[in-house]
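J.: Here is how the chains run, residue by residue.
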Amino acid sequence: MKNENLYNYILGIADNSLILGQRLGELCGHGPSLETDIACTNMSLDLLGQVRSYYQYATKIAGDGRTEDDIAMLRKEREYFNVLLVEQPNTDFGYTMARQFLFDVYHFLMLTELEKSTDLNLSAIAKKSIKEVSYHKRFSSDWIKRLGDGTEESHSRIQTAINDLWTYTDELFHQTEADKAMVAEGVGVDVTKLKDAYYEEVNAVLEEATLSVPESKYFQKGGKQGIHTEHMGYLLADLQYMQRTYPNMEW
Amino acid sequence: MTTTEQHINPKLVKVLESISDPEIPVLSIMDMGVVRSAVIENDIVKIEITPTYSGCPAMDVIGDDIKRAMQKAGYIAEVDLILHPAWTTDWITPRGRKALEDYGIAAPLDEEADKSVLLEGKQLVKCPQCGSANTKMISQFGSTACKAQFQCNDCQEPFDYFKCLK
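Just so you know, the sequences run in chain order A and B.
So for the first sequence, numbering that gives the first Met the number 0 puts the first residue at 0; every next one is plus one.
So for the second sequence, numbering that gives the first Met the number 0 puts the first residue at 0; every next one is plus one.
Treat the hints with care, since some could be wrong.
[Claimed, not checked] Residues from chain A that face chain B, not an exhaustive set, calculated with beta carbons under 7 Å:
1) K126
2) K130
3) Y134
4) F138
[To be verified] Between beta-carbon pairs, the in silico distance windows are:
5) D101/B with G28/A: 28 to 38 Å
6) K135/B with E199/A: 49 to 59 Å
7) T66/A with R67/B: 21 to 31 Å
8) T244/A with V38/B: 37 to 47 Å
9) D68/A with E16/B: 28 to 38 Å
10) Y240/A with R67/B: 32 to 42 Å
11) E249/A with E16/B: 30 to 40 Å
12) K45/B with E207/A: 31 to 41 Å
13) K194/A with G73/B: 51 to 61 Å
[Stated by the list, open to error] Here are the computed lysine-lysine pairs in the PhoX-like style, where the Cα-Cα straight-line distance is at most 25 Å:
14) K179/A with K192/A
15) K59/A with K45/B
16) K97/B with K135/B
17) K75/A with K126/A
18) K71/B with K97/B
19) K45/B with K97/B
20) K194/A with K179/A
21) K115/A with K216/A
22) K165/B with K126/A
23) K144/A with K135/B
24) K135/B with K130/A
25) K130/A with K165/B
26) K126/A with K194/A
27) K45/B with K10/B
28) K130/A with K144/A
29) K115/A with K144/A
30) K126/A with K220/A
31) K165/B with K115/A
None of these hints come from the bench; they were simulated from the model.
Don't be surprised by glycine CBs; every beta carbon is placed ideally from N, CA and C.
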């Protein structure tokens, strides 16, 4: 492949949205209320729409006849580069919103920088996506505050979710080889520079939600290298079921 | 606000205005502002459309509808999806806004009103049924990706609000 770094860089961004979109999609018909059900599936649809734009671009870079569906559906677990955070299960609505919030704040910051990419395709996708992601961030931030500043039960459950998922936040700011190469070319976002702004914003919302900021300095990583948590295999089994069972099927 | 020129061949306007948004049938794709260019090159009509939301499932249908309508009008059409510049609710025409309101969907707010909604959380969305500004948001996400759910505090009617995208 001519530009393998760019290809891997695009997958790194897109896989986060694909896997989070799949997790949110699991709530279709299972959300805790009609409005939250619709909201989660709406966000899933936004993310999957963004993913299509990224993968369509990636197929052009690969130029080996693979389609966007091949990229989404036919890779093995080790070939997905999403961060560990987005593959974590829905567990309860607290976990779903904590995962969403911890990703949305990052996603918004990352897209703000990607808008300035010298790669016009990535910049166009970022400009389109950020309008949608600003709604996601508003929604998840509101829920963090409602749950945190809500009842004793909701407070304790959202605090537990934040504490558990905190360990996956640091990985958002790790650079892969593809990241470094793309930053050097002015194409990619230097995620290491987003870290301070990220924790500042996250901590401010947690404070407003009367939640405490976890103090643990123990962080998990691996997703960006294709080393995933035990949840990923089950997620992919679900995601890839149709293509694996009926190869080459089309809608 | 994003301003961009639309390059639409006048010969094609009528055909394009006859195609409606599959999710909001009262609105033509022209009033929606999703058609960014329509030109005739060597007897082939080339049309560029842009999605309202990235995941909008209507885009495939709109592409097919355009090809079908153009064929009826005697043209062969190619449809391309473009992302840049990104669609904004400012591109909905005044006629489109009126059609939305008549259909029972509150039209996106103008720039000034929208800012206060975004920054201070004040609700200035007017009820499309009774016109009251005393409304509340039920959910930021509605029946399609582009809409939010509201309810009027005066007439109690729930209604869709077409979300602003700037």
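J.: The structure should be examined with respect to each hint, and the outcome stated for every one.
T.: To see whether the hints hold, each was checked on the structure:
1. Taking 7 Å as the C-beta cut-off, the interface hint given for K126/A holds, the closest approach to chain B being about 5 Å.
2. Checking K130/A against chain B: minimum C-beta separation of about 5 Å stays under 7 Å; hint holds.
3. This hint holds: Y134/A has a C-beta 6 Å from the nearest C-beta of chain B, less than the 7 Å allowed.
4. Nearest Cβ of chain B to the Cβ of F138/A: about 5 Å, under the 7 Å cut. The hint holds.
5. At about 33 Å, the CB distance of D101/B to G28/A agrees with the hint of 28 to 38 Å.
6. Under the hint 49 to 59 Å, the C-beta atoms of K135/B and E199/A, about 31 Å apart, miss the expected range.
7. Between T66/A and R67/B the CB atoms are about 25 Å apart, so this pair conforms to the stated range of 21 to 31 Å.
8. The hinted window of 37 to 47 Å between T244/A and V38/B holds, with their beta carbons roughly 44 Å apart.
9. Here the CB-CB span from D68/A to E16/B is close to 34 Å, well matched to the stated 28 to 38 Å.
10. Distance hint check for Y240/A and R67/B: the Cβ-Cβ separation is about 34 Å, which falls inside the suggested range of 32 to 42 Å.
11. For the hinted restraint 30 to 40 Å between E249/A and E16/B, the CB-CB distance of approximately 32 Å keeps it satisfied.
12. K45/B and E207/A have their C-beta atoms about 51 Å apart, which leaves the hinted 31 to 41 Å range violated.
13. About 59 Å separates the C-beta atoms of K194/A and G73/B, a value consistent with the hinted range of 51 to 61 Å.
14. With a C-alpha separation of about 13 Å, the suggested pair K179/A and K192/A falls inside the 25 Å cut-off, and the hint holds.
15. About 21 Å separates the Cα atoms of K59/A and K45/B, which keeps this hinted pair within 25 Å; it holds.
16. Of the supplied pair hints, the one linking K97/B and K135/B holds, its CA atoms being roughly 22 Å apart against a limit of 25 Å.
17. Proposed proximity of K75/A and K126/A is contradicted: the alpha carbons are some 30 Å apart, above 25 Å.
18. Our distance criterion of 25 Å between C-alpha atoms is broken by K71/B and K97/B, whose separation comes to about 29 Å.
19. Between K45/B and K97/B the alpha-carbon distance is near 29 Å, which puts this suggested pair outside the 25 Å criterion.
20. Distance restraint check for K194/A and K179/A: the Cα-Cα separation of roughly 16 Å lies within the 25 Å cut-off, and the hinted pair is therefore satisfied.
21. At most 25 Å may separate the alpha-carbon atoms for a hinted pair to count; K115/A and K216/A exceed this at roughly 32 Å.
22. For the hint pairing K165/B with K126/A, the CA-to-CA distance comes to about 10 Å; that is within 25 Å, so the pair holds.
23. The hinted pair formed by K144/A and K135/B meets the criterion: a straight-line CA distance of about 19 Å does not exceed 25 Å.
24. Only pairs whose Cα atoms come within 25 Å are accepted, and K135/B paired with K130/A is accepted, the gap being roughly 22 Å.
25. Between the alpha carbons of K130/A and K165/B the distance comes to roughly 7 Å, so the proposed pair stays at or under 25 Å and holds.
26. For the hint linking K126/A to K194/A, the alpha-carbon distance of about 21 Å falls within 25 Å, and the restraint holds.
27. Distance restraint check for K45/B and K10/B: the Cα-Cα separation of roughly 13 Å lies within the 25 Å cut-off, and the hinted pair is therefore satisfied.
28. A distance of roughly 22 Å separates the Cα atoms of K130/A and K144/A; the hinted pair therefore holds under the 25 Å criterion.
29. At most 25 Å may separate the alpha-carbon atoms for a hinted pair to count; K115/A and K144/A exceed this at roughly 32 Å.
30. Distance hint between K126/A and K220/A is unfulfilled; the C-alpha atoms sit about 29 Å from each other, more than 25 Å.
31. Of the pairs offered as hints, the one joining K165/B and K115/A holds, with about 17 Å between alpha carbons and a cut-off of 25 Å not exceeded.
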